[in-house]
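Kindly produce the complete structure, drawing on both the sequences and the hints.
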Amino acid sequence: MPEKDNLLEATDVAKAFGNFLAVAGADLVVAENEIIGLIGPNGAGKSTFFNCLAGETMPTSGRIVFAGEDLTRATPEAHARAGIGRTFQVPITFTDMTVLDNVMVGAFLRHPHRNDAREKASRIVELTGLHAEQPARSLGTPGRKRLEIARVLATEPRLLLLDESLAGLTPAELRDAIALVRRIHEMGVTIVIVEHIMEVIMTLTQRVLVFNQGHVIASGTPETVVAEEAVIEAYLGRRHRRLAAGSQPSGQGR
Amino acid sequence: MAVKQLPSSRAVIALLAAALLLYPLILSDPFYRDVGVTFLLAAIAASAWNIVGGYAGQVSVGHSMFFGVGAYAPLLLYTRWGWPPIAGIPAGMVLAVGLALLIGAPTFRLTGHYFSMATIAVAELIRIFFGTWDTVGAAIGLQGPATARGWWDLTFRSELPYYYIFLAALAILLLTTAAIERRRFGFYLRAIKASERAARSLGVPVRQTKMQALALSAAFTSVAGSLYVVKTGFIAPDSGFGILISVQMVIVAALGGAGTLFGPLVGALTLVPLQTVTDNWFGGGGSGLTYILYGGIIVLIARFEPGGLFEMWHRLAPRLRKRAHA
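Residue numbers (our numbering), protein chains in the order written: chain A, 1 to 254; chain B, 1 to 326.
It should be emphasised that the hints constitute simulated quantities derived from the structure, not laboratory data. A few of these clues could be false.
To be verified - Selected chain B positions facing chain A (in silico; Cβ < 7 Å):
{"#": "1", "residue": "Ala194"}
{"#": "2", "residue": "Ser195"}
{"#": "3", "residue": "Arg200"}
{"#": "4", "residue": "Ser201"}
{"#": "5", "residue": "Leu202"}
{"#": "6", "residue": "Gly203"}
Stated by the list, open to error - With the C-beta cut set under 10 Å, the calculated list includes, among others, these residues of chain B facing chain A:
{"#": "7", "residue": "Arg182"}
{"#": "8", "residue": "Arg183"}
{"#": "9", "residue": "Arg197"}
{"#": "10", "residue": "Pro205"}
A virtual CB, placed ideally from N, CA and C, is assigned to each residue, including glycine.
Laid out in structure tokens, this is it:
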């Protein structure tokens with residue numbers, strides 16, 4: 001029986017590529033206005049699981065229900081319309097367009113008329129601290145990641161899936177980005193975030209799922225999860241034990 | 001910056017429009033008028049291709065299939081039922097849109113070069129089929145009214161009426177394209193060109209949008225074919241469906257700047273005079289030279305200026321201005 005205030009319910013989601021089981025039956029229930037982190041070593045299946053939630057990969061089995069609507073076999077377009085937005089691990093911006101035009105593509109989803117879309121997009125460009133007339137081509141990686149967030153925000157998602165959107169930033173940029181995600185959350189958007197940077201996970205998320213070899217090996221609050229022996233073994237390593245106290249600024253990964 | 005540019009670009013457009021309107025009156029020699037008509041036809045076809053090939057980035061090299069349908073429709077109506085050829089324009093548009101929907105469904109499963117190759121194959125199949133189909137005159141093709149039965153047959157001895165009819169068609173097409181550019185549809189086309197994956201993630205109905213672009217592009221390409229045949233009065237498989245017709249659309253658009261409003265116009269303005277000159281130098285024996293010219297242009301665009309002349313101008317103009325000030 002689905003509970004009323006659950007926004008997303010992914011039940012026993014599995015994805016096989018040939019004989020390789022990338023995700024072996026993962027469950028995730030997200031309540032309205034939560035921030036949830038997905039962590040785990042590279043190749044653990046979190047990206048595949050994430051792509052299943054975004055509609056880009058069709059699960060081999062299992063069920064994904066969003067706001068009462070079964071999206072298990074729906075297209076990415078349908079996911080966006082239903083209110084699930086996503087960013088990409090390697091940002092994909094529309095390089096020949098300006099920042100504002102990029103964001104307008106997102107805004108057109110709910111505002112078919114140009115002036116409405118432009119107005120919506122302008123507000124979001126301002127919120128995210130970008131420059132409207134700057135060509136997307138001239139943005140560096142942090143700018144592109146920010147633009148992706150702005151663009152997907154313009155689709156007015158209820159659930160935002162962030163795929164390592166904060167990776168590769170300098171400490172100052174990271175602080176800004178965390179503040180931005182907080183602001184988005186305060187606007188009432190529910191967030192699921194894949195991230196290697198433990199600082200992000202520790203400071204932002206309320207609940208964490210740890211993936212390893214296609215399985216969810218642990219879940220709970222960030223504090224309890226990082227203390228679990230299995231998580232330390234599979235992902236964090238011994239040196240990250242002190243992160244339970246939340247002091248390390250830079251994380252694992254590239 | 002954008003606001004500052006607006007009056008000057010408006011002035012350029014007004015100047016261009018005036019030049020196009022006055023051209024055949026100032027250069028009234030039939031030779032120049034003929035070049036003008038050829039230029040307009042190339043610009044119409046390339047601008048039509050530009051909607052799906054430029055803006056949406058779906059590089060069809062089989063657009064002669066729509067040109068040919070548009071070219072055959074008027075003469076088929078004439079030879080069968082004695083209709084004035086101009087009545088074939090809407091008929092050709094309807095058929096071209098039907099063909100676009102039929103062809104688009106399977107070919108849009110492919111992307112990039114594979115899509116281009118599939119469109120070549122389909123156009124070639126249609127050309128070969130028309131070459132054996134007796135109803136459309138097989139290899140000989142179809143002929144229009146030898147002498148005008150009335151003004152409605154649109155057979156003029158002078159190039160002048162054709163010039164202005166073609167110019168009107170080009171104006172309608174460019175106004176349509178400008179309207180598309182500003183709307184959601186235009187934004188979606190550019191997004192699809194940049195990344196279908198990202199476009200989808202933002203709720204862009206990619207397949208549907210591509211189909212609409214192809215249908216619109218096909219309709220206008222068919223008009224180009226109809227206009228061509230209304231003027232020349234005959235059509236054969238090669239002059240309707242030949243691959244050079246498709247290639248010319250791609251080259252004209254890419255040369256000026258694919259995916260820009262005036263790119264195809266700039267391309268036609270460059271290529272058509274160039275072609276006329278080489279044709280004159282080498283006479284009839286130079287017809288194979290067209291292939292060499294096209295091939296050379298493809299290499300040059302791909303190697304040095306993928307954005308076309310238009311983008312090159314945008315890049316160089318500020319530098320030149322700076323130099324002028326210094």
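Outcome of the hint check:
For B:Ala194, the suggested interface contact is upheld, since its CB lies about 4 Å from the closest CB of chain A, less than 7 Å. For B:Ser195, the interface hint holds, the least distance from its beta-carbon to any beta-carbon of chain A being 5 Å, beneath 7 Å. The restraint placing B:Arg200 at the interface with chain A holds, with a minimum CB-CB distance near 4 Å, inside the 7 Å limit. Taken as an interface hint, B:Ser201 checks out: its beta carbon lies about 5 Å from the nearest beta carbon of chain A, inside 7 Å.
Restraint check, B:Leu202 versus chain A: the minimum CB separation of about 5 Å is within 7 Å; hint holds. The restraint placing B:Gly203 at the interface with chain A holds, with a minimum CB-CB distance near 3 Å, inside the 7 Å limit. The criterion of a C-beta within 10 Å of any C-beta in chain A is met by B:Arg182, whose closest approach is roughly 6 Å, and the hint holds. Given the 10 Å rule on beta carbons, the hint for B:Arg183 holds: about 6 Å separates it from the nearest Cβ of chain A.
The interface hint given for B:Arg197 holds, since its Cβ lies 6 Å from the closest Cβ of chain A, which is under the 10 Å cut-off. For B:Pro205, the interface hint holds, the least distance from its beta-carbon to any beta-carbon of chain A being 6 Å, beneath 10 Å.
Consistency note: the structure conflicts with none of the earlier hints.
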